[in-house]
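A.B. asks: From first to last, the protein sequence lines stand for chains A and B.
Numbering-wise, the first sequence is residues 19 to 266 according to this note's numbering.
Numbering-wise, the second sequence is residues 1235 to 1371 according to this note's numbering.
Careful, some of the hints might be misleading.
Lysine-lysine pairs mimicking DSSO-like chemistry, simulated, CA-CA at most 30 angstroms apart [stated by the list, open to error]:
#	chain 1	residue 1	chain 2	residue 2
1	A	K100	A	K29
2	A	K152	B	K1347
3	B	K1357	B	K1258
4	B	K1275	B	K1258
5	B	K1347	A	K100
6	A	K29	A	K205
Everything labelled a hint here was simulated from the structure, so no lab data went into it.
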Amino acid sequence: MPDPIYQFEVKRLIPLDVFGIDATFTNSALFMVAGVLLSFGLLMYASRGRSLVPSRLQSVAESIYEFVAGMVRDSMGEQGMKFFPLIFTFFMFILTLNMLGMVPGFFTVTSQLWVTAALALMVFVIVIVVGFAKNGLGFLRLFVPEGVPIYVLPLVSLIEVISFFSRPLSHSLRLFANMLAGHITLKVFAGFIIMLLGAGGAASAIAPLPLLAVLGITALEFLVAFLQAYVFTMLTCMYLNDALHPGH
Amino acid sequence: MPDPDRGAPPEKGHLSPDDIAEFKRRASELGTQIDSVQAEKQAEIEEQQDRANRSRGMAYGLRMSTELVAAILVGGFIGYMLDTWLGTLPWLSLVFIMLGFSAGVLNILRTFKRMQSEIEAEKGFHVGKSVSDDDDR
C-alpha cells in the first residue's frame, strides 16, 4: 500500500545556510512562492481592465473582494477596513494554498503545523500589539468581564486568560488538522482501489466502491479547503475586533 | 391601423360580454403564469440560502471541536509549567486542566451565542427559544 504520509514529507530542494540558520529552500517553500505568485498574478490580471461591466475573471476577483470586505465589515464595522489588506492577504494565501494542495501530486503547505502555527502566531501578535496600541492598559479589560462579582473575579480572569492563550493553538490546529486529515483519508481510500485490484477475483469487482468514495471525499475536500480559509479569516476578524473593543 | 390579431376595436366605452370573458380569461392565465414563475424562483432562492446556511453550520461545527481541545491543552500546559517550576506535580496541572475545560466551554458558548445573534439578525427570530415547529401544529 502506498504510504499515506509520504505526501507530507518536506524535501530539501536547494540547501541554504544563512549565518548558521538553516534556510533551505524546500518543496514547502516552493509551493508557498507558487501560491503567492498565483494569487497575486491572478488578481492583477483580473483587475487589469477595470471595466465597469466586468469580464468573467474580473467579476471573480470582485466577488472575492466583496466576500472578504463583507466579512470584515460584519465583524469589525467600518473602522475594521484598516485591516482589510492584511485579512484579504491571509484569505487569498490560505485559499490558494489549500486549492493548490487539491491538485494531485502537489504539496499541501497548509497541512504543515509550523506553517499554520506561524500564521496563527502572526495574528496573535498583531492582536496584542493593536490591542495595547489602541487601548493602552485598557486592553486588559478583555480579561475582566463586566458584571462579575469581585469574589469570583480572579477565577474568571484566569479562565479568560487561558481562553485567550488557547486562541493561537486552536487557530493553527484547526487548519492544519483539517487539511492533514482530509488528504490522508483521500490517499487511504485511493490506496484501497489499488489493493483491491491487485487482489484479483471477487475483490477486484468491488474496487469501484472506494473509487466512488474518493470522488465524494474529493468534493468534500474542496468545500473544506474553502471553509477552512473562511474560518481562519473570520476568526482573525473576530480576534482583531477584540483588540479594537476589548470591553464588550 | 387596426391590428388583425386583436380583433375589432371595441365601440367607445362598450365591451361585449364575450370580450369581458376573454379579458378575464387572459388575466387569470397571466396570473397563474406569474405565480408559477415566482414559486419556482422562490424555491431556487430558498435552496441557495439553505446551502449557504449548511456550509456556515459546518464552518461553526469545525470551529467548536478544536476550541475545546485547544483550551484544555493550553490549561494543562500552563499547569504543568507551574508544577515543574514550583515542584507541586501533579496538583496545579489538574487544577489548570479543569480551568482549561471551563475556558473551552466558555469559548463554545460564545461561538454559539454569536451564531444565534447572526441568525437572529438575518431571519428576525431567536433560535433556541420558542421557535414553532411540527410539534406546535
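A.B. asks: None of the hints should be skipped; say for each whether it holds.
C.D. replies: We went through each hint and held it up to the structure:
1. A/K100 - A/K29: violated (38 angstroms)
2. A/K152 - B/K1347: holds (26 angstroms)
3. B/K1357 - B/K1258: violated (38 angstroms)
4. B/K1275 - B/K1258: holds (26 angstroms)
5. B/K1347 - A/K100: Answer holds: B/K1347 to A/K100 is near 27 angstroms, not above 30 angstroms.
6. A/K29 - A/K205: holds (19 angstroms)
Hints 1 and 3, counting from the list given before, are not met by this structure.
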